[in-house]
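Counting in the UniProt record's numbering, the sequence shown runs from 1 upward without gaps.
Hints are computed from structural coordinates only; laboratory data are not their basis.
Remember, predicted model here, so these are calculated numbers, not experimental data.
Watch out, some of these pointers could steer you wrong.
To be verified - Below 25 Å or equal to it, Euclidean Cα-Cα: the simulated SDA-like pairs (lysine to any residue) are:
{"id": "1", "residue 1": "LYS18", "residue 2": "LYS41"}
{"id": "2", "residue 1": "LYS11", "residue 2": "ALA30"}
{"id": "3", "residue 1": "LYS11", "residue 2": "LYS21"}
{"id": "4", "residue 1": "LYS9", "residue 2": "ASP54"}
{"id": "5", "residue 1": "LYS18", "residue 2": "GLY7"}
{"id": "6", "residue 1": "LYS48", "residue 2": "ARG37"}
{"id": "7", "residue 1": "LYS11", "residue 2": "LYS41"}
{"id": "8", "residue 1": "LYS41", "residue 2": "GLU31"}
{"id": "9", "residue 1": "LYS41", "residue 2": "GLU20"}
Unchecked claim - Label-pair distances were calculated between CB atoms; the ranges are:
{"id": "10", "residue 1": "ASP35", "residue 2": "ARG56", "range": "16 to 26 Å"}
{"id": "11", "residue 1": "ASP35", "residue 2": "GLN55", "range": "31 to 41 Å"}
{"id": "12", "residue 1": "ASP36", "residue 2": "LEU6", "range": "26 to 36 Å"}
In this text, a Cβ means the ideal position worked out from N, Cα and C, and glycines have one as well.
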Amino acid sequence: MDVGGLGDKAKQALDSEKGEKGSDAALDKAEQVADDRTGGKFDQQSDKVGNMADQRIGQQEA
1 MDVGGLGDKA KQALDSEKGE KGSDAALDKA EQVADDRTGG KFDQQSDKVG
51 NMADQRIGQQ EA
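Let the hints inform the model, and build the full structure from the sequences given.
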């Protein structure tokens, strides 16, 4: 499989409902780790970055 095909396959997986739930869980976990490591000092920033990432990956609402 070529690299382009692998990218397409990953995008299709993220566009599924299961993929969306998985990406949301991973982003939530990443935000929590960042908040834990910084003592919540950058909570608003990590929330903003998490929301921006969520808009870029996963299911695209029509």
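Now for the hints, and whether the structure bears them out:
| no. | hint | verdict |
| --- | --- | --- |
| 1 | LYS18 with LYS41 | violated (32 Å) |
| 2 | LYS11 with ALA30 | holds (20 Å) |
| 3 | LYS11 with LYS21 | holds (14 Å) |
| 4 | LYS9 with ASP54 | holds (19 Å) |
| 5 | LYS18 with GLY7 | holds (17 Å) |
| 6 | LYS48 with ARG37 | holds (17 Å) |
| 7 | LYS11 with LYS41 | violated (33 Å) |
| 8 | LYS41 with GLU31 | holds (12 Å) |
| 9 | LYS41 with GLU20 | violated (28 Å) |
| 10 | ASP35 with ARG56: 16 to 26 Å | holds (21 Å) |
| 11 | ASP35 with GLN55: 31 to 41 Å | violated (20 Å) |
| 12 | ASP36 with LEU6: 26 to 36 Å | holds (33 Å) |
Of the numbered hints listed earlier, those contradicted by the structure are 1, 7, 9 and 11.
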